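Keeping their order, the protein sequence lines are chains A and B.
Just so you know, we're using numbering that gives the first Met the number 0 here: the first sequence kicks off at 0 and counts up by one.
Just so you know, we're using numbering that gives the first Met the number 0 here: the second sequence kicks off at 0 and counts up by one.
Treat the hints with caution; some may be incorrect.
To be verified - Mimicking DSS-like on lysine-lysine, the simulated pairs with C-alpha atoms at most 27 angstroms apart in a straight line are: (1) K120/B x K32/A; (2) K106/B x K32/A; (3) K120/B x K106/B.
Simulated from the structure, these hints should not be mistaken for lab results.
Treat the numbers as computed from the prediction; the structure is a model and nothing was measured.
Residues per chain, in single letters:
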Amino acid sequence: MTNTNMTDTNQITAGLPGEAVKVPSRLSWTRIKDHPTLVIGGGIVFIMTLLAIFAPLVAPHDPYFQNIAARTIPPVWYEGGTRDHILGTDQLGRDYLSRLIYGARISLLIGFSAVAIAGVIGTTLGLLGGYFGGRVDMVVTFLTTVRLSLPIILVALAIVAVFGGSITIVVIVLGLLKWDRFAVVVRSSAAQISRLDYINSARAAGASTFYILTREVLPNLAPQLIVIATIEIASAILMEAALSFLGLGVQPPTPSWGLMISEAKSYMFFSFWLIAIPGVALATLVFAINLAGDGLRDLISPDGRG
Amino acid sequence: MTEHPILETVNLHRRFRVTQGPFKPSATLNAVNGVNLRVRRGETLGIVGESGCGKSTLAQMLLGLLPATEGDVLFDGQPVRNISRAAFARRVQPIFQDPFSSLNPRKTLLDIVTMPLRVHKLGTAAEQERRARQLMDRVGLPARFADRYPKELSGGQRQRVAIARALVMQPDVVICDEPTSALDASVQSQILNLLMELKADFNLTYVFISHNLSVVEHIADRVAVMYLGRVVEAAGVDQIFDAPQHPYTRALLDSVLTVAPDAGVPELALGSGFPNPLRPAPGCSFHPRCPKAFGPCSTVVPQPVLADHPGAACHLINPPMTTGAAA
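In isolation and in its complexed conformation, chain B is listed as follows:
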C-alpha cells in the first residue's frame, strides 16, 4: 500500500464552456487536457508554465475543489471522488498565491489559523488555540500577533499565517499555488526557506506551482512543464534545468532574466504571443511558436508525457510512428 504515489492524476481533463457573446456559439476551453502526474511521498513536484496554461485549474483539482471532466485524481491510490470531503481536506491543504485575499479580513489571525480545527471539531477550544499558537510560533509569527487582523500584517507575514493554517491539521500534501509570486524578492526567499524547513519537520509532500523558474529550481525535486493544458516535459529538476529537451522548456529557461550586465532582455525564438486557448493549433499545440517545428508537428499530436517517466511530448524526441510524414 505504501507503494502508491501519494497523489496521482490519471488522464486528467477539465473543460469549461465559455460563452463568447450573445449571438456566438459557446466554445470549449480545455484548461487541463490529459495530465498524468505522480507525486511521491516526501518529494516536491514543481509545475511551471506561462499564465493560462492550466496550472491553477490543476491545483484546484488536486485540492478537490473542482471536479474533473474526465480522468481521476488519486490520493494514496484511491480516487479522490470516493474520499469524503472532510477526510481528504485533512490530508491535502492549499497555500494560495495572494496572501491579501486568502485571509478573511474580519477574523483575527488566531481565528484564521484555528478555522480548519473548528471545522473538523478537533480538540477543545483551548487545545485548538494552543495548537494554533504553537504553529504560528513555528512559522515565525510573534505571539502578540494572535489577536490582530490581517490588514495589520505585511505580505510575508500574511503568507506565514496562510502556511500555519495549511499545516494546522498536519496534512500530508500541501498544494502551493504560486505561494511566493505576490511577495517581494527578499521575502520570497524567506518564505521558500521556511517552506523547505517545514517540509523536513512535518514530512510534507509539496506540489509547487509557479511561473518563476528559479524558485522552482530552488525547491523542487522533479518538474513538470505545462503548455496549454498539457504536460510537455517532465523530469528531475537537474535534467530540466541542465538538459531541457522540449523546445518550450528551452525557451522558458532562456527567458529567465540574468544579472549579467551585458545580457539585456533575452531574445526568444517564440515568435507571436500566447495563443488563444479556445482555438489551440492542431497537432502539437506548441508548433506555431516552435523554432524547430517540422512536418508532423502541425498534424500529429505528440505522445503525452507518462507519469513517472522523464520525457517530453515532442516529435523531436519521440518521432511519430507514421512514416513518410517526417520532413
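Isolated chain A (complex conformation):
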C-alpha cells in the first residue's frame, strides 16, 4: 500500500523543460587576487614546497658532502664569501644553501603530515562529540582532557627516546598528540551547528548521519579548520625543530632546520649566519603559512565573499 506510492517519486523530472546552467567555479583567480595575504603567504609556501620537491635539481651541491678545507665560509655578501657557496658553508664544510633546501623537505613533510593525521583524528572526534552529545561527548571530552594533560614535548621526548629518532616517529608522535585543538574547536562548533534547522531539514529529508556530518556540518567548519591547521602546521614545524634541536628528532647528518640551528649553536658567536639563516627560513615559513591560512579563511567564508 504505502510502497506503491513511494516509487512514483522516481519520475520527478518527467516532462520538465529547462536546461542545465553551470555553477560558476567557487575559487577563481579573480577572487583569489583580492586577498593579498593569500597570494603572498601562499606564494611563499608554494615556492618553498617546489624547492623542497625539486631539491636534487635546485641544490647547487650535495648537502652531505663535507669539505674540511672549506669550513664556515661566510655567505657571498660578506668578506670572504664565494659565489660557489652562496650561503656559505657550515662547520663541516657542507654547502649551507643545499642543506637549507633539503631541510625544507623535512620541515614541510613533518609539518603537513603530522597535522594531516592530527586533523583527521581531532575533527572526527570533535564532530562525533558535538553532533551526538551525551555519552559520546563525554568520551570525547575525556579523551581531550587526557590528551591536554600530557605535555607534548615531554611525551615526544619519551617516545623518541624509546623508539629512536626518525622522521616517521616524529610525524606519528606529533600527529597523535596535536589533535586536541581540532577536537575542542570542532566539537563546540559542531554542537552549535547540529541544533540548527538546516540539520533538521537534512535529517527530515532522510539523510544519513555520515551525509549530515560530511556535507552539512563539515563545510561550515572549514574556516575554523583552516585557521587551526595553519597554526598547528606552524607549531608542528617549530616542534620538529625543537625536538631536533634537543637531539631527539631528525638525526644527523640529515639536514633539518632545527638540527641546523642546534649544530650551529656552538658557533653562534663566530659564525652567526649558521644559526641566523635556518632561523630566518623557519620564521618565514611559519609566517607565510599563517598568512596563507588567514587569506584562505577570508576567501572561503561566505561573509568574506567579494
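Please arrange chain B on chain A, whose structure you already have, making use of the hints.
Same frame as chain A, now just chain B:
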C-alpha cells in the same frame, strides 16, 4: 486502505529528563502528554498554543525526528517506526520557523533545493537541477538566484527556498512549524497565500503549527488547541473561532490584538503567567488560570479530546462521572 487518515497520533507521549542542578534530582518534563490527532488527506490541521505547550516537540515527532516515549505516530495506518527513514522522508517534509537557520549558509540555493534529491539519488544531476529550478520558479524565486547564497536573500525569499526544498520530492504531508512567525506581516500573507496555492497544486496535506491565531484561522480546516502537552480542544476552524468551548481557547481568542482604536490591550482572565511545565497542576492542568474552575478541576483530569471528535477536555463540557465532587 484510503480510509486511513494520512497522519495520526495515538496516545502520543514524549517525556524529557531535565537536570535541574548538581544536587537536585532530575525532573521529568511531559512535553507531549497523550495527544490523539488525525490528519485527513488534503486538509490543513492547525495546532495552536502558547510557547512551551509542546507544539514543536509534536512537530518533531510527526517528522519522525524524535521518537515517542509512548504511543505511536501512524502514517497511512502504519506506525512510523516501522517505515524506513528514507521512505518516510519522501512523504513527510518540514518547513521550519526560522528561515535564517534552516538554510545551510555555505550552499547555493540550488544545492539546498536539490539536497533531498541527492540524498535519495533521484534522477541525474541535470534532472535534479531542472526539477529544483522548476520548483524555485513555482515558489516565486527568480532563476538568477540559483547560484546565490542564503545570506543574499531576505527572510521571505529564504522561506520560499525552504518551501521549494520541502516540495522537491513531492511529499504528501508538509509539517509547517510556525512558517510565518519570523517574517514581516506583509511577507507573512504572501507566504501563506503561496502555501495555499501550492496545497491545491500539489495535493498537499498540511499540519500547520502556530501561535498566531489569525494565521491559523486563515489557513486551517480544523484546529487543535494545545496546553501543557495536551490537546484541550479540537474542532473545525469555524467552531473554534465562532463558538470556542474550552475556557483556554476563549482566553486565547480574547488575547488577539485588534485594530479597533479604543480596544487597547485585551484584558485576560488568565491570571498569573505560564505555569512551570515541570510541575503541572493536578487535575486539569489549566485550572489555576481558569476563570471558571470549580470543584473537580483541581482533582480530576478531564477526558482527553478524541481524534476526529470535535470537543474540549474540560469539566464544563464533559462533567466528570464522579458524583458529589461537583460544586
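Going through the hints against the structure:
| no. | hint | verdict |
| --- | --- | --- |
| 1 | K120/B x K32/A | violated (37 angstroms) |
| 2 | K106/B x K32/A | holds (23 angstroms) |
| 3 | K120/B x K106/B | holds (18 angstroms) |
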